[in-house]
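*Asks:* These protein sequence lines are chains A and B, in that order.
Quick note: the first sequence, position 158, residue 195 per the working numbering, numbers continuous.
Quick note: the second sequence, position 100, residue 102 per the working numbering, numbers continuous.
Simulated from the structure, these hints should not be mistaken for lab results.
Treat the hints with caution; some may be incorrect.
Said to hold, decoys possible - On the chain A side, residues computed to face chain B include the following (Cβ under 7 Å):
id: 1; residue: 132
id: 2; residue: 237
id: 3; residue: 238
id: 4; residue: 251
id: 5; residue: 279
id: 6; residue: 280
id: 7; residue: 285
id: 8; residue: 288
Remember, it's a predicted structure, so these values are computed and weren't measured experimentally.
Just so it is clear, CB atoms sit at the ideal spot from N, CA and C, and this is done for glycine as well.
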Amino acid sequence: MSSPTPPGCSVTDPSDDVRLLTAQLAADPASLVFMQLAEALRRRGQLEAARKVAVTGLHRYPDLADAHDLLARVLGDQRDFERAFDEWDIALRLDPGHAGAHKGIGFLYFVAGDAARAREHLERAAAALPADEGVRAALERVRDAVPDAEAAPAAPTAHRAPGTPPALGIGHPAPPTGPGRPAPEFDAEATDLVLVDGHGMRLAGRLRAPDGSDVADRVAAELAGVSREAERAARLLGLGEWRTLAAEAAAGHLVVVPAAPDAVLLVARERGVPLGRLAVVAGRTAAAARRWLEALA
Amino acid sequence: MTGPFAAGLERLTRQAGVRGALLVEREDGLVVAEALMEGLDGAAFAALAASLWSRLARAGEAAGRGAPAFAQLEAEQGTMLAVPAGAELLLVAVAEPDSNLGLARLELIRAAGELA
Numbered sequence: 038m039s040s041p042t043p044p045g046c047s048v049t050d051p052s053d054d055v056r057l058l059t060a061q062l063a064a065d066p067a068s069l070v071f072m073q074l075a076e077a078l079r080r081r082g083q084l085e086a087a088r089k090v091a092v093t094g095l096h097r098y099p100d101l102a103d104a105h106d107l108l109a110r111v112l113g114d115q116r117d118f119e120r121a122f123d124e125w126d127i128a129l130r131l132d133p134g135h136a137g138a139h140k141g142i143g144f145l146y147f148v149a150g151d152a153a154r155a156r157e158h159l160e161r162a163a164a165a166l167p168a169d170e171g172v173r174a175a176l177e178r179v180r181d182a183v184p185d186a187e188a189a190p191a192a193p194t195a196h197r198a199p200g201t202p203p204a205l206g207i208g209h210p211a212p213p214t215g216p217g218r219p220a221p222e223f224d225a226e227a228t229d230l231v232l233v234d235g236h237g238m239r240l241a242g243r244l245r246a247p248d249g250s251d252v253a254d255r256v257a258a259e260l261a262g263v264s265r266e267a268e269r270a271a272r273l274l275g276l277g278e279w280r281t282l283a284a285e286a287a288a289g290h291l292v293v294v295p296a297a298p299d300a301v302l303l304v305a306r307e308r309g310v311p312l313g314r315l316a317v318v319a320g321r322t323a324a325a326a327r328r329w330l331e332a333l334a
Numbered sequence: 003m004t005g006p007f008a009a010g011l012e013r014l015t016r017q018a019g020v021r022g023a024l025l026v027e028r029e030d031g032l033v034v035a036e037a038l039m040e041g042l043d044g045a046a047f048a049a050l051a052a053s054l055w056s057r058l059a060r061a062g063e064a065a066g067r068g069a070p071a072f073a074q075l076e077a078e079q080g081t082m083l084a085v086p087a088g089a090e091l092l093l094v095a096v097a098e099p100d101s102n103l104g105l106a107r108l109e110l111i112r113a114a115g116e117l118a
C-alpha cells in the first residue's frame with residue numbers, strides 16, 4: 038500500500054523514531070504527524086497502537102482520505118476486513134481516485150472471490166501505481182478470471198462500484214460478501230433509524246432525540262415526499278439517480294437514503310461518526326430494509 | 003457574472019471538479035448570485051436547493067440534532083453540496099462524480115465564511 042504523505046510532512050520511513058513522532062504529536066495534537074506515527078507503528082507491528090493513533094487523528098480530520106486509507110490498512114493487518122472495507126469506501130467517497138483505497142478494496146474483492154469488481158478497482162489502482170508489483174500480479178490473476186468482455190464496466194464513481202446490489206437500486210456499496218460475511222438483518226426496532234413511506238408514515242425503527250424523547254414520528258412526517266424532491270433536484274442538475282441526502286448538524290449527523298421505490302431510511306448518529314461512514318452504514322441498512330419490506334409484502 | 007459575490011463564486015468554481023455554484027436566499031429560494039454551467043436553470047436549481055435544505059433543517063430540528071451546518075445530495079453523476087452563508091443565505095455547489103468531495107466541502111465552508 039502507498040504510504041500517506043500529509044502536506045508538509047516528510048515521507049514515512051520504517052525507521053522513523055516512534056518516540057520522536059509521539060513527542061511531536063504530543064506537542065501539537067492538531068498536526069498531521071499522527072499519520073506518520075500511525076504508519077510507523079503499523080510497520081513495527083504495533084497494530085492496536087497504530088489503530089488508536091489513526092482513529093484519534095480521524096476525529097480531527099474526518100475528511101482526510103489518506104487517513105481513512107491508513108486506518109483501513111491497519112485494520113486489514115488486524116484482519117478486520119469488514120471495517121477496513123468501510124474505511125476504504127469512505128476514502129473513495131472523499132477522493133474517488135484514491136489509488137490506495139482502490140488497491141485495498143480491489144484486494145478485498147479478490148480475496149472474496151468477486152473477480153469482476155476486484156478487476157475494476159485494481160485497474161484503477163494499477164493506472165495510478167504502475168510500479169506496484171502486488172497490484173500488477175493480482176490484476177493479472179483477475180484478468181485471467183474475468184476476460185475483458187465480462188469485466189464490470191468502469192465505475193464513474195467509487196460509490197457505484199464496490200458491491201452495490203444493482204437490483205436494489207441503492208447507491209451504497211455493501212461490503213464484500215462471501216463465506217463469513219452474511220448480509221445483515223434489518224432491525225425494525227433499532228433506536229437510531231426510521232424507515233418512512235412516501236406519505237411520511239413510519240414503517241419501522243425508532244429515533245430518540247439527545248434528550249431521550251421519541252421523535253421518530255415527527256421526523257418521519259418531515260420526510261414525506263423527500264425522495265421525489267431529491268430525485269427532482271438530481272435530475273435538474275443532470276446527476277442521475279440520487280443516492281444519499283446527508284446533513285451535519287450541531288448535535289449529530291443525519292443521512293437519508295432510498296430504501297424502496299417510495300420509502301426512505303433516515304439514520305442518525307452523534308457527530309463523532311464521520312458522515313462518510315454513516316453513509317456506508319445507511320446504505321447497508323437500506324439494503325437490509327428493502328429485503329425486510331419485500332418479505333412483508 | 004458581476005456583483006459583490008462574483009469573485010467568491012468564481013474562486014469556488016475554479017476548484018477542480020466543481021461544476022458550478024450559486025448563492026441562494028435560504029427562505030424563499032431566490033438566486034442572489036450564480037456561476038453555473040451553461041444550460042442549467044439557476045432559478046429552478048436555487049429553489050430546489052433551498053427546499054432540500056429547508057427539509058433537512060426541519061428533519062434535523064425534529065430529531066433534536068439542530069439545523070444543518072453542511073448538507074449534500076449525492077447522486078450517481080455528481081454531488082450537490084450546501085453550507086449556510088450568514089443567517090439568510092445558502093452557498094451551493096455542484097461537484098463532478100470523480101472530484102475530491104472532502105476538499106470541495108472545505109472550500110465551500112471557507113467560501114461561505116468569506117461571502118457571509
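*Asks:* A separate judgement is required for each hint: does it hold in the structure or not?
*Replies:* Now the hints, each set against the structure:
Evaluation of the residue 132 of chain A hint against chain B yields a held restraint, the C-beta minimum of about 5 Å falling below 7 Å. With a least beta-carbon distance of about 11 Å to chain B, the hint placing residue 237 of chain A at the interface is violated under the 7 Å criterion. Taking 7 Å as the C-beta contact cut-off toward chain B, the hint placing residue 238 of chain A at the interface is violated, the least distance being around 15 Å. Restraint check, residue 251 of chain A versus chain B: the minimum CB separation of about 10 Å is more than 7 Å; hint violated.
Interface restraint check: residue 279 of chain A against chain B, minimum CB-CB distance 5 Å, threshold 7 Å, status holds. For residue 280 of chain A, the shortest C-beta to C-beta distance to chain B is roughly 5 Å, which falls under 7 Å, so the interface hint holds. This hint holds: residue 285 of chain A has a C-beta 4 Å from the nearest C-beta of chain B, less than the 7 Å allowed. Taking 7 Å as the C-beta contact cut-off toward chain B, the hint placing residue 288 of chain A at the interface holds, the least distance being around 5 Å.
Checked against the numbered hints given earlier, this structure breaks hints 2, 3 and 4; the rest are met.
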